[in-house]
Amino acid sequence: MRKCSLDKINLVFAEIAKSSALYLPVDQNDGSAAYKKWEEGTVWSNALNTVRSPKDFFFPQTEDLMKFKTSGKNIEIIDTRSEAEDFVVFGVRACDVKSFDILDRVFLSEHVDSFYGSRREHGVIVSVACTRPSETCFCKTFGIDPSESAGDISAWKTETEIFFKANTQKGEELLNKLSSLTEECDETVVNEQKAKINAVMNKLPLKDLNTEAFGGGKTNEFFNSPLWDELSQTCLGCGTCTFVCPTCQCYDIKDFNTGNGVIRFRCWDSCMYSEFTKMAHGNNRLTQKERFRQRFMHKLVYYPENNDGLFSCVGCGRCISKCPISMNIVKVMKKMGGAVNE
Amino acid sequence: MQVNEYKPLIVAFCCNWCSYAGADLAGNNRLNYPAEVKIIRVPCSCRVNPMFVLRAFQRGADGVIICGCHPGDCHYTSGNYYTRRRMAALFSMLDYLGIEKERTRVEWVSAAEGAKFAATMNDFVEKVTALGENKRLEDLRCKK
Amino acid sequence: MQKITREQLIEKAVSLLADGTVSCVLGWSKGEFDYDVTPALFNNEEELKANFVFNDFCGVNFSKYLISKTNKCDGKILVFLKPCDTYSFNQLLTEHRFDREKVYAVGIPCEGMADIAKVKQICGDGISSIAFDGEKMAVTTLYDDAPVMISTADVLAERCVNCKSKKHVAFDELMGDEGEVIDSNRFDEVEKLEAMTPDERFAFWQNELSRCIRCNACRDVCPACTCEKCVFDNPNSGVENKSPANSFEEKMFHIIRAFHVAGRCTDCGECSRVCPQNIPLHLLNRKFIKDMNEFYGEYQAGAEVGLRAPLVDYTLTDIEPGEVFDRGDSDA
Chain X
1 MRKCSLDKIN LVFAEIAKSS ALYLPVDQND GSAAYKKWEE GTVWSNALNT
51 VRSPKDFFFP QTEDLMKFKT SGKNIEIIDT RSEAEDFVVF GVRACDVKSF
101 DILDRVFLSE HVDSFYGSRR EHGVIVSVAC TRPSETCFCK TFGIDPSESA
151 GDISAWKTET EIFFKANTQK GEELLNKLSS LTEECDETVV NEQKAKINAV
201 MNKLPLKDLN TEAFGGGKTN EFFNSPLWDE LSQTCLGCGT CTFVCPTCQC
251 YDIKDFNTGN GVIRFRCWDS CMYSEFTKMA HGNNRLTQKE RFRQRFMHKL
301 VYYPENNDGL FSCVGCGRCI SKCPISMNIV KVMKKMGGAV NE
Chain A
1 MQVNEYKPLI VAFCCNWCSY AGADLAGNNR LNYPAEVKII RVPCSCRVNP
51 MFVLRAFQRG ADGVIICGCH PGDCHYTSGN YYTRRRMAAL FSMLDYLGIE
101 KERTRVEWVS AAEGAKFAAT MNDFVEKVTA LGENKRLEDL RCKK
Chain U
1 MQKITREQLI EKAVSLLADG TVSCVLGWSK GEFDYDVTPA LFNNEEELKA
51 NFVFNDFCGV NFSKYLISKT NKCDGKILVF LKPCDTYSFN QLLTEHRFDR
101 EKVYAVGIPC EGMADIAKVK QICGDGISSI AFDGEKMAVT TLYDDAPVMI
151 STADVLAERC VNCKSKKHVA FDELMGDEGE VIDSNRFDEV EKLEAMTPDE
201 RFAFWQNELS RCIRCNACRD VCPACTCEKC VFDNPNSGVE NKSPANSFEE
251 KMFHIIRAFH VAGRCTDCGE CSRVCPQNIP LHLLNRKFIK DMNEFYGEYQ
301 AGAEVGLRAP LVDYTLTDIE PGEVFDRGDS DA
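Residue numbers (this note's numbering), protein chains in the order written: chain X, 1 to 342; chain A, 1 to 144; chain U, 1 to 332.
Watch out, some of these pointers could steer you wrong.
So the derived list for chain A, only partly shown, Cβ under 10 Å to chain X, looks like this [what the hints assert, rightly or not]: (1) Y6; (2) R59; (3) G60; (4) K116; (5) K135; (6) D139; (7) K144.
Hint data in this document are derived by calculation from the structure and do not stem from the laboratory. These numbers were taken from a predicted model, which means no experiment stands behind them. Glycine included, C-beta positions come from ideal geometry on N, C-alpha and C.
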């Protein structure tokens, strides 16, 4: 384990920025935090988490896939892929780190998504433990440990110092670049912080939430439950939950006519929208209840069934604070989970 | 002085009954106005949806002008009254967002006012040329 | 800090259910924490007693839900309307969006709703409970031993700071006293923007709108946005884009949406409340309202049923579009 004084954090950032683009959470003028590119003078935010999750770095909201140009009867296909530059995402929380595992299983299995894959190769994650979890946090429900975040480098921040531990080869390489600014140390302070964090986690209002009732193979138990009517009755279908969620990965592929060619691009889509997966015959989910049910069944039943029991939620709490009408996965789990135990 | 002077792209929505005929009259009288003005004929100036104006800017227009019959003389009786209200609201909103106010205009040109049409277009093109390219409402994907 | 209590509202709902006036109730349901309140339909007394809440976080406007819920409920629906909600109610009736006969509206007084983000700015994250005690709320967090006392007036939601009216313009029954229309300074921020130079304004809006993630929450919660097939969901319209591909698309959605609701927006403030990126959308809609007031006379959408919105009306001597810039408040 290595450490350095927080006074030197700007030197650390400058050193990292010499060889890679560095992104870290920065305070915005409305009080929230967002990932921004580091430059001289940027201050690392103290906020617990950002509004938009870091999945943006690997799976951006819009991405050009290819371009077409026609001339007469000829059509030219232009590959718009470019080699991704090396980049470092600093300050990622444990929940968001876990979301990358979930996205990897979708994009990097069987037919590898080269856009996503190239970014994953070039990205290095420096994750930080959460010293001040919020009441909306429930990462422990999904087996995530906020005191030991699992990025390429795990970091712990105290009032005066920051500690680093490399977990992967990419992490080792990055930490070696910082060797002149950091020094060897033992794990005492970090272990103290971990204990404090775990103590707070045991006081959180959502600490008892568990996933026992859910998982692969439970489709028939939940699909026809009458509780979905009640849960979805005031859902607006706006899609905010899907856009702030670090694990939601649905996208649409569209063509845009620029007037002098066509750009084929992909953009985030939301299963909450009425036009989602509309096919030639029409739409397969006509009511908001069906769309609502689909989203939560996907997170709690379908995804674990296809992915060795891994749930597609990381307990980050963004949907809890951002839903316009305060509906979220916790309410669904409690209501539906209770239904099974009756 | 550059050899290739900047020439703005102007889209002019002209109502079929008055201003389009006015443009035609300007042509008949051999009155010059810049070729950068691209006329789109609409049945009435109130056919112009604010989305058309935005799309014109998106696709590279540097200025948009809507020409219609004089208020009171609309071929469809009251169409241009609605245009007046709608465009007043739209232009005020565009100004509020920081889009230069010289880029948009509404002008009432009758079928007999060929000279006014030419003069209006000359004036509008001059004003927009002075402003330069539309950078604030452009869609980079649509640039050639 | 609200003058009317949860118990009074439940009592009213229960009595109306019991005597058959209504068969279901649209109200606020308690959430996981004391500040997250979900709108819900209650069908009987047990549900009301178990889950109904009314506190300083009940900002939700139920008017829009009436459109879909009047088709689902057999009898009448009881809906509790705060003064600002009643304007949306009237506006929707003007547009024939739901059957008035299927609704029993009860007007309730409102002292302003709090914004949890403002509360968190004062006391930080990790709120474990909030207790309401008169003018203040006691916020207990996981990290402080003593609860932090916060005056609700300090954490009012943006739209409540400039409340335009405590008067209910629509109700079948009124609880509490009738209020007055307030001469608020809700256009102050708009005026501040108008006084900037165009470059400054552009920079301001570029900064705000670039955060937009096209989640469509503003459109979906807006009582004026009730089109069954929204132009932004229609692939043939040319503006159906699910994500803001560039700065043009970011602006276009907001300009068009503000324009579509211009003259029908009742200034209920829901759009700004729900935006996950805290974009001050009310500044766009209030600009339209201010313009309409100045150009075409004072007009408040929803003040009565049947009013004609300014953009579907005209006079023979309206202001010329070229003159909107010369009002002395925008810089040349």
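- Task: With a cut-off of 10 Å on the beta carbons, see whether Y6 (chain A) makes it to chain X.
- Result: Check failed: Cβ of Y6 (chain A) comes no nearer than 20 Å to chain X, outside 10 Å.
- Query: Per the CB criterion, is K144 (chain A) less than 10 Å away from chain X?
  - Reply: Hint holds; K144 (chain A) Cβ to chain X Cβ min 5 Å, cut 10 Å.
- For the hint on D139 (chain A), does the least C-beta distance to chain X fall short of 10 Å? holds (8 Å)
- Item | Status of the K135 (chain A) interface restraint (C-beta, 10 Å, chain X) | The hint is violated - K135 (chain A) has no Cβ within 10 Å of chain X, the shortest such distance being about 17 Å.
- Holds or violated: R59 (chain A) as interface residue toward chain X, Cβ cutoff 10 Å? holds (6 Å)
- Message: Take the shortest C-beta to C-beta distance between G60 (chain A) and chain X; is it under 10 Å?
- Response: holds (8 Å)
- Task: Go through the hint on K116 (chain A) and say holds or violated, using the shortest Cβ distance to chain X against 10 Å.
- Result: With a minimum Cβ separation of about 32 Å from chain X (threshold 10 Å), the hint on K116 (chain A) is violated.
Consistency with the previously given hints fails for numbers 1, 4, 5, ordered from lowest to highest.
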